[in-house]
Amino acid sequence: MTHSPVPPPAAAPPSLATLAKTTAVSVLVAALLLVTTVLPAEYGIDPLGTGRALGLTDIASPPVAPAAEPPKGAALVPVQNGPLGVYPAAFTFDTYQVALGPYEYVEYKYRLEKDATLLYSWSASAPVLHDMHGERAEVTDGVPPEQSFDKQNRREASGSHGSLVAPFAGIHGWYWENPGGETIIIRLTSAGYYTSAVEIRSDRSRRTRELRSLDALPLFAPPAGPGGQP
Amino acid sequence: MIRPSVVLAFALILLAPTATLRAHDNYRIIGTVAQVTKDALDVKQTKDGKIVRMMFVEKSTVTRDKKKVPVSDLKPGTHVVVDARGDSLLELDIVEVRIVPPPKK
Chain F
-2 MTHSPVPPPA AAPPSLATLA KTTAVSVLVA ALLLVTTVLP AEYGIDPLGT
48 GRALGLTDIA SPPVAPAAEP PKGAALVPVQ NGPLGVYPAA FTFDTYQVAL
98 GPYEYVEYKY RLEKDATLLY SWSASAPVLH DMHGERAEVT DGVPPEQSFD
148 KQNRREASGS HGSLVAPFAG IHGWYWENPG GETIIIRLTS AGYYTSAVEI
198 RSDRSRRTRE LRSLDALPLF APPAGPGGQP
Chain D
277 MIRPSVVLAF ALILLAPTAT LRAHDNYRII GTVAQVTKDA LDVKQTKDGK
327 IVRMMFVEKS TVTRDKKKVP VSDLKPGTHV VVDARGDSLL ELDIVEVRIV
377 PPPKK
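Protein chains in written order, with the numbering used here: chain F, -2 to 227; chain D, 277 to 381.
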């Protein structure tokens, strides 16, 4: 004689009240995760401060350029003495030339501390779209990570000469875009209290450029020795 | 009694769409159309000849002289400048495809 297997008793379906409670708790947990982790990590929105505590806000806004150490370990921040801004080290200078192919764009930016000064002149072989702007070194809630300094935002020009006092610590510089089908050459000369320079191409590749100190400039002839001999 | 695993599963399902909403980088791809379908555009880059695949999304636009034109205007060999957003060259959503004249040599 054989025994046929007895089927297990069917589980009772959850009641409507249980389903509603489960859904409500799930929505609550999802909202909590959204506010405490997803928003800080993805968008830098951190209303409860959990993103900063867990280091998640760095994911939303990673540092865009390596922060090079200024000479002698001191940040190149000016100490104001009346009209003078006194720095702990000499300024740096830089020359940069780039060939922008048809429709290409490039960004070129310097790392400046807040209130540090930059002098510049740039020229282009044909009109380019341009915009001078800065990216903050640190992202703060409610403050845009970028700020344009140029009222002629992305208008065409063949050059510009000026100076900038950095309104915040971060990288500051130019966006240049070739609007047409012919290659354009852009040349930039600058001097200032910056510590690094970065070139960002339209394929998002980044290249940190080496800067030169004043000692690299052959500005002075060797001092004359006795009898006028060098 | 609400099982924790059920709550977690519901929460993950509700959060899933937000994973696609990321802060992306802007890319510009310049070249000629290699292939176009209703979902994707392959562009052969001028600078290195490599083909980059980008996906059309709901807000993607195709323009010529700043005027919108249909996707059907994109033919193999058409010179284009594509602004796209994504995490890398392997994962790009199209913002705008500009049909441009061939670069002067």
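Derived by calculation from the structure, the hints in this document are not laboratory data.
Every value quoted in this text rests on a predicted model; they were computed, and no experiment measured them.
From the three backbone atoms N, C-alpha and C, an ideal C-beta is built for every residue, glycine too.
Certain hints may be false.
[Claimed, not checked] Distance ranges between label pairs, derived from CB positions:
1. 324(D) to 211(F): 52 to 60 angstroms
2. 81(F) to 335(D): 31 to 39 angstroms
3. 72(F) to 321(D): 53 to 61 angstroms
4. 301(D) to 206(F): 29 to 37 angstroms
5. 79(F) to 341(D): 50 to 58 angstroms
6. 96(F) to 345(D): 27 to 35 angstroms
7. 17(F) to 340(D): 47 to 55 angstroms
8. 363(D) to 139(F): 22 to 30 angstroms
9. 71(F) to 311(D): 50 to 58 angstroms
10. 363(D) to 8(F): 25 to 33 angstroms
Cross-check of the supplied hints:
A beta carbon spacing of about 39 angstroms between residue 324(D) and residue 211(F) contradicts the range 52 to 60 angstroms that was offered as a hint. Here the CB-CB span from residue 81(F) to residue 335(D) is close to 52 angstroms, at odds with the stated 31 to 39 angstroms. Roughly 41 angstroms separates the CB atoms of residue 72(F) and residue 321(D), a value that falls outside the hinted 53 to 61 angstroms. The hint said 29 to 37 angstroms for the Cβ distance between residue 301(D) and residue 206(F), and at roughly 20 angstroms that hint is violated.
Checked against the given bound of 50 to 58 angstroms, the beta carbons of residue 79(F) and residue 341(D), roughly 55 angstroms apart, stay inside it. Remark: the range hint 27 to 35 angstroms for residue 96(F) to residue 345(D) is upheld by a beta-carbon distance near 31 angstroms. Taking 47 to 55 angstroms as the suggested C-beta distance range, the pair residue 17(F) and residue 340(D) conforms, at roughly 54 angstroms. Residue 363(D) and residue 139(F) have their C-beta atoms about 26 angstroms apart, which keeps the hinted 22 to 30 angstroms range intact.
Separated by about 56 angstroms at the C-beta atoms, residue 71(F) and residue 311(D) satisfy the suggested range of 50 to 58 angstroms. A C-beta distance of roughly 44 angstroms is found between residue 363(D) and residue 8(F), which places it outside the suggested range of 25 to 33 angstroms.
Going through the hint list in order, the structure does not satisfy hints 1, 2, 3, 4 and 10.
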